[in-house]
Structures are given as C-alpha cells and as structure tokens.
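Asks: Next come the chains, spelled out residue by residue.
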Amino acid sequence: MDITPNNLIYHELIGLFAEVIASTNPSLVGIKGKVVDETRNMLVIEDKKIPKACSTFMFSLPNNRVKVDGMLLVSRPEDRMKRRL
Amino acid sequence: MARQRIERLFELAGQEFDGHPDRSNRYVQLARQIGMRHNVRIPKELKRRMCRHCHSYLVPGSNAQVRLRGMYVVVTCLICERQMRYPY
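Protein sequences appear in the order of chains A and B.
As numbered in the numbering used here, residues 1 to 85 make up the first sequence, in order.
As numbered in the numbering used here, residues 101 to 188 make up the second sequence, in order.
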C-alpha cells in the first residue's frame, strides 16, 4: 500500500514535495521544496521551519496533489498513525 | 503502515547520507520511535545499517568498519567506536 490521498496524514511526510499555500503568517506562503524533517509542531521544508497549526500545505504525490490543513498534522510523527479525526 | 514508514525512512536515510549525514541519523531515530510506539521490529536487514549503540546510520567504508573474525562479522561504528557482532 502506497501513499494515497486518503492515508497521507498517517503516512511518512519526509521526502515528499510540499508547498505552503496558506498561512496566518503571509511571509511563509509560497515556500516549496522537499520536506526534510518533522517535529510535533513544525515541518522543515528545505531549511525553513513552518508551523503546522497555522498553515495549509499542498503535497505532491506521484499521481496527484493533495491539499492538507496543517491542523490535522499536529502531533508527533510516530503518534500521527494512531490518531482518528 | 508502521513497517512501510520504517522502510521509507531508511531509504531516505541512504539518499541523504552523502550531503547531510545528520539527517540520516535523524531518520533512523524517527524510524526507531515509530517501531517502539507501534510495537513493530526494525527489519533484520535494516538493523544492520544502524549502530546498535549510538543509533547512527552506518555505511560500510564511510563510518563503519566490517571485518570477519572467526565465527563473527564484526562491525565497528567509527562514530562511537563500539562493535556489533553478527554470527554467520
């Protein structure tokens, strides 16, 4: 089973290509690149740390692109798999 | 899914090792945390790519020394300089 739009929020985000398409901090909008690291509240995109809670991300998968509200991603990477919405 | 994420992280650790060895070690750390949280073992073949003691990503010839010693393969981590022995 690969990464699909349905299981993206439970799957590994590191290594995917991401873009910030909305944020409460306007200077973060438009940052794009490979996701390099992940913490509970931050997503590191090419040296830039983006808070998850106040942003909306667009992830590029091999076949399609997925828009994800960052609020859904707020939890530690290893805990994210268990969470239910 | 935990298993997939562990495999994916090790794959990425291998790719990032040339430019950013610190990221490789971070990915190994994340893979271990996923394994521990969800009670999934790190597969045998991937376990050999990390240091049992300091959990850094090992690449033979770069930061690991592999020697045959009698009944064992001895892998020395050149970061913490401790050894792992694998029977063969």
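Calculated directly from the structure, the hints in this document are not laboratory data.
By construction, the Cβ of each residue, glycine as well, lies at the ideal position given by its N, Cα and C atoms.
Treat the hints with care, as some may be off.
To be verified - Using 30 Å as the maximum straight-line C-alpha spacing, the simulated DSS-like pairs for lysine-lysine come out as follows:
| # | chain 1 | residue 1 | chain 2 | residue 2 |
| --- | --- | --- | --- | --- |
| 1 | A | 32 | A | 48 |
| 2 | A | 67 | A | 32 |
| 3 | A | 49 | A | 82 |
| 4 | A | 82 | A | 48 |
| 5 | A | 82 | A | 32 |
| 6 | B | 144 | A | 34 |
| 7 | A | 82 | A | 67 |
| 8 | A | 48 | A | 67 |
| 9 | B | 147 | A | 82 |
| 10 | A | 82 | B | 144 |
| 11 | B | 147 | A | 34 |
| 12 | A | 49 | A | 34 |
Unchecked claim - Cβ pair distances, simulated, as ranges:
| # | chain 1 | residue 1 | chain 2 | residue 2 | range |
| --- | --- | --- | --- | --- | --- |
| 13 | B | 155 | A | 41 | 52 to 62 Å |
| 14 | B | 115 | A | 64 | 15 to 25 Å |
| 15 | B | 143 | A | 2 | 16 to 26 Å |
| 16 | B | 101 | A | 41 | 43 to 53 Å |
| 17 | B | 185 | A | 53 | 19 to 29 Å |
| 18 | B | 103 | A | 69 | 19 to 29 Å |
| 19 | B | 141 | A | 2 | 17 to 27 Å |
| 20 | B | 185 | A | 63 | 38 to 48 Å |
| 21 | A | 7 | B | 167 | 36 to 46 Å |
| 22 | A | 5 | B | 141 | 23 to 33 Å |
| 23 | B | 178 | A | 69 | 40 to 50 Å |
| 24 | A | 29 | B | 188 | 46 to 56 Å |
| 25 | B | 139 | A | 6 | 45 to 55 Å |
| 26 | B | 153 | A | 27 | 36 to 46 Å |
Asks: Look at each hint and say if it fits the structure.
Replies: Structure-based check of all given hints:
1. A:32 to A:48: 10 Å, holds
2. A:67 to A:32: 13 Å, holds
3. A:49 to A:82: 24 Å, holds
4. A:82 to A:48: Holds - the C-alpha atoms of residue 48 (chain A) and residue 82 (chain A) are around 27 Å apart, at most 30 Å.
5. A:82 to A:32: 28 Å, holds
6. B:144 to A:34: 29 Å, holds
7. A:82 to A:67: 21 Å, holds
8. A:48 to A:67: 19 Å, holds
9. B:147 to A:82: Within the cut-off at roughly 24 Å; holds.
10. A:82 to B:144: 25 Å, holds
11. B:147 to A:34: Given pair residue 147 (chain B), residue 34 (chain A) holds - Cα atoms ~26 Å apart, limit 30 Å.
12. A:49 to A:34: Holds. Residue 49 (chain A) to residue 34 (chain A) sits at ~12 Å (cutoff 30 Å).
13. B:155 to A:41: 52 to 62 Å: Hint violated: Cβ distance 24 Å, outside 52 to 62 Å.
14. B:115 to A:64: 15 to 25 Å: Cβ of residue 115 (chain B) to Cβ of residue 64 (chain A): about 23 Å, so the range 15 to 25 Å holds.
15. B:143 to A:2: 16 to 26 Å: 18 Å, holds
16. B:101 to A:41: 43 to 53 Å: Once the Cβ atoms are compared, 22 Å apart, the range 43 to 53 Å for residue 41 (chain A) and residue 101 (chain B) is violated.
17. B:185 to A:53: 19 to 29 Å: Since residue 185 (chain B) and residue 53 (chain A) have Cβ atoms about 46 Å apart, the given range 19 to 29 Å is violated.
18. B:103 to A:69: 19 to 29 Å: 27 Å, holds
19. B:141 to A:2: 17 to 27 Å: 22 Å Cβ-Cβ, so the 17 to 27 Å window holds.
20. B:185 to A:63: 38 to 48 Å: 45 Å, holds
21. A:7 to B:167: 36 to 46 Å: 43 Å, holds
22. A:5 to B:141: 23 to 33 Å: 29 Å, holds
23. B:178 to A:69: 40 to 50 Å: 44 Å, holds
24. A:29 to B:188: 46 to 56 Å: 55 Å, holds
25. B:139 to A:6: 45 to 55 Å: 24 Å, violated
26. B:153 to A:27: 36 to 46 Å: 43 Å, holds
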